[in-house]
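Asks: Each chain, written out:
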Amino acid sequence: MRVRFWGTRGSLPVSLTAEDIKNKIVEALLAAAGWNLKTRADAEAFVERDLPFAISHTYGGNSSCVELDIGTEEYVLCDLGTGVRPFGLHVLARKGPRTRCTFHVFLSHLHWDHIMGFPFFPHAYIPGNRIVIYGCHDGIEEALRRQHAAPCFPVDFSGLPAKIEFVKLEPGKRSRHAGLDVTPKRQLHGGDSYGYRFEHGGKVVVYSTDSEHKTDDAGSTQDVVKFFRNADLVIFDAMYSLADTVSVKEDWGHSSNVVGVELCQLARAKHLCIYHHEPVYNDVQIASVLQETLRLEEITRGDHPLRVSSAYDGLEIAV
Amino acid sequence: MQVTAVRHADVLVVAVTGRIDYMNAEDFKSALQPYLANCAAGGDRVVLDLSRLEYVSSAGLRVLMIAAKDARVRKGTLVAVSLQPVVREIFEISRFTLVFDVFDSVQDALRAISPGAAAASRSG
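Protein chains in written order, with the working numbering: chain A, 1 to 319; chain B, 1 to 124.
The set of hints was computed from the structure by calculation and includes no laboratory data.
Hints are not guaranteed to be accurate.
With a straight-line Cα cutoff of 25 Å, these simulated DSS-like cross-link-like pairs (lysine-lysine) come out [what the hints assert, rightly or not]:
| hint | chain 1 | residue 1 | chain 2 | residue 2 |
| --- | --- | --- | --- | --- |
| 1 | B | Lys75 | A | Lys249 |
| 2 | B | Lys29 | A | Lys95 |
| 3 | A | Lys226 | A | Lys270 |
| 4 | A | Lys270 | A | Lys173 |
| 5 | A | Lys203 | B | Lys75 |
| 6 | B | Lys69 | A | Lys249 |
| 7 | B | Lys69 | B | Lys29 |
| 8 | A | Lys185 | A | Lys214 |
| 9 | B | Lys29 | A | Lys214 |
| 10 | A | Lys95 | A | Lys163 |
| 11 | A | Lys168 | A | Lys185 |
| 12 | A | Lys203 | A | Lys173 |
| 13 | A | Lys214 | A | Lys270 |
| 14 | A | Lys214 | A | Lys163 |
| 15 | A | Lys185 | A | Lys173 |
A short list of chain A residues far from chain B (calculated; beta carbon distances all over 12 Å) [unchecked claim]:
| hint | residue |
| --- | --- |
| 16 | Pro13 |
| 17 | Ala33 |
| 18 | Arg40 |
| 19 | Glu44 |
| 20 | Phe53 |
| 21 | Ala143 |
| 22 | Thr215 |
| 23 | Leu242 |
| 24 | Leu263 |
| 25 | Pro279 |
| 26 | Glu298 |
Computed from a predicted structure; not experimentally measured.
We put the beta carbon where it would ideally sit given N, CA and C, even for glycine.
My request is simple: use the sequences and hints to build the entire structure.
Replies: Here's what the structure looks like:
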């Protein structure tokens with residue numbers, strides 16, 4: 001299975017400013033001083049090898065959208081944040097507008113940042129495409145229709161030529177869709193959110209975003225540990241610091257890198273990918289959170305090493 | 001996990017020993033509670049001596065945060081001292097150093113929050 005991240009930013013899409021780009025270039029030029037970079041290949045090698053990711057790249061700014069590729073013709077997505085737009089453009093570029101496609105979309109919840117990309121998903125506007133939207137909430141169809149309605153958007157949902165279907169899932173009940181065994185779990189978030197445990201070919205990917213974990217409740221912690229158990233990859237909402245989640249941002253419905261490490265260690269998961277980045281953070285701050293998370297894993301490691309990474313728009317992970 | 005206390009004048013130095021994780025965080029909360037009962041303006045000032053705390057998870061930090069919030073509401077003083085390197089890093093990564101006053105030693109804390117207690121601890 002391959003996991004591709006098309007949108008990794010939490011709450012609100014963001015983009016780099018002119019000043020951000022200028023600062024990256026200045027940092028890169030300073031780092032390149034003294035290097036003899038004569039060719040493009042030299043420069044590319046220098047960028048990849050010698051510049052920190054936060055200078056040479058960006059974590060990106062699209063809101064939640066993750067693709068699970070199990071090698072079939074049909075597409076599987078988690079959430080319809082603004083990342084679904086570049087995903088759709090990528091599929092169009094590869095397959096052209098005439099190829100009929102089927103998309104299976106698992107929605108964590110209906111907050112705006114998780115559905116706002118759908119009006120800009122090109123395949124919804126092409127007859128013959130099929131889009132199956134799965135979730136545990138009541139009112140998924142209504143929420144999608146509402147954001148297409150006037151005065152929010154000029155094209156009404158009823159005018160979309162693609163065939164759009166809705167499938168209600170039941171929390172805790174494992175079922176098979178699009179070649180994957182899928183188990184949803186209710187999570188603590190305003191209006192509820194649902195995480196998904198996907199199993200295919202002996203591999204397990206957990207998508208758990210917009211979820212607050214009050215780890216003083218041992219029973220709830222055990223439930224989450226069971227949900228994450230032996231996962232090959234856990235995509236985890238680590239939007240805030242732990243101190244924030246137990247003080248000024250308590251009950252805001254998000255979690256921290258510290259809790260992500262703890263839960264994955266308890267569950268003996270193999271890989272934690274921190275996700276749903278705080279929109280206020282710049283690339284350097286997100287990179288700093290990653291470094292601290294790596295360090296936390298190192299100093300709290302028992303007999304089970306946990307790989308830690310930070311999601312960025314464009315990241316692909318082989319599971 | 002053990003919690004014990006020693007009094008120096010108006011300061012209660014509460015020592016926490018062992019590990020605190022999600023399995024025993026509630027026990028830690030219960031064990032800490034009596035020592036914080038009078039942590040208020042004009043009452044006890046409380047110093048948490050964490051020199052023998054080997055590990056604290058998010059659940060334990062939550063207990064500390066709630067204690068700090070309660071103390072703040074009651075205008076009491078609650079500080080932490082002598083964090084082991086691992087616990088100090090956990091505090092820093094969790095950003096608890098931004099919301100919790102941390103001192104290098106009990107004496108440093110006593111000097112900062114109660115000179116009378118500092119003198120009492122030296123003589124006693």
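Asks: Now look at each hint and say whether the structure bears it out.
Replies: Taking the hints in turn, this is what the structure says about them:
At roughly 22 Å between alpha-carbon atoms, Lys75 of chain B and Lys249 of chain A fall within 25 Å of each other, so this suggested pair holds. Among the hinted pairs, Lys29 of chain B with Lys95 of chain A is inconsistent with the structure: their alpha-carbon atoms are about 59 Å apart, more than 25 Å. Proximity of Lys226 of chain A to Lys270 of chain A is assessed by CA-CA distance (about 14 Å); at most 25 Å being required, the pair is judged to hold. Distance hint between Lys270 of chain A and Lys173 of chain A is fulfilled; the C-alpha atoms sit about 24 Å from each other, no more than 25 Å.
Only pairs whose Cα atoms come within 25 Å are accepted, and Lys203 of chain A paired with Lys75 of chain B is rejected, the gap being roughly 53 Å. With a C-alpha separation of about 14 Å, the suggested pair Lys69 of chain B and Lys249 of chain A falls inside the 25 Å cut-off, and the hint holds. Between Lys69 of chain B and Lys29 of chain B the CA atoms are separated by roughly 14 Å; this keeps the pair inside 25 Å, and the hint holds. For the given pair, Lys185 of chain A sits about 16 Å from Lys214 of chain A by alpha-carbon distance, which is consistent with the 25 Å threshold.
For the hint linking Lys29 of chain B to Lys214 of chain A, the alpha-carbon distance of about 15 Å falls within 25 Å, and the restraint holds. Annotation: proposed proximity of Lys95 of chain A to Lys163 of chain A holds, straight-line Cα distance about 19 Å (limit 25 Å). Restraint check for Lys168 of chain A and Lys185 of chain A: satisfied, since their Cα atoms lie roughly 13 Å apart, inside the 25 Å limit. For a cut-off of 25 Å, the pair hint linking Lys203 of chain A to Lys173 of chain A stands: about 18 Å separates their Cα positions.
Pair hint Lys214 of chain A plus Lys270 of chain A holds up; C-alpha atoms about 23 Å apart against a cutoff of 25 Å. Of the supplied pair hints, the one linking Lys214 of chain A and Lys163 of chain A is violated, its CA atoms being roughly 40 Å apart against a limit of 25 Å. A threshold of 25 Å between alpha carbons decides the hint, and for Lys185 of chain A with Lys173 of chain A the separation of about 9 Å falls inside it, so the pair holds. Non-interface call for Pro13 of chain A relative to chain B: holds, since the shortest CB-CB distance, roughly 25 Å, exceeds 12 Å.
Even its closest Cβ contact with chain B, about 33 Å, leaves Ala33 of chain A beyond 12 Å, as expected for a residue assigned away from the interface. For Arg40 of chain A, the non-interface assignment is confirmed: its Cβ lies about 39 Å from the closest Cβ of chain B, beyond the 12 Å cut-off. No beta-carbon of chain B comes within 12 Å of the beta-carbon of Glu44 of chain A; the shortest separation is about 34 Å. At roughly 19 Å, the least C-beta separation between Phe53 of chain A and chain B is larger than 12 Å, which holds for a residue marked as non-interface.
Taking the minimum C-beta to C-beta distance to chain B, about 32 Å, the non-interface status of Ala143 of chain A holds against the 12 Å cut. Listed as outside the interface, Thr215 of chain A is inconsistent with that label: its C-beta sits roughly 4 Å from the nearest C-beta of chain B, within the 12 Å cut-off. The claim that Leu242 of chain A lies off the interface is violated: its Cβ sits roughly 4 Å from the closest Cβ of chain B, which falls inside the 12 Å cut-off. With a least CB separation of 9 Å from chain B, Leu263 of chain A falls inside the 12 Å interface cut-off, contrary to its annotation.
Remark: the non-interface label on Pro279 of chain A is consistent with the geometry, its nearest Cβ contact in chain B lying 18 Å away (cut-off 12 Å). A cut-off of 12 Å between C-beta atoms contradicts the statement that Glu298 of chain A is not in contact with chain B; the least separation is 10 Å.
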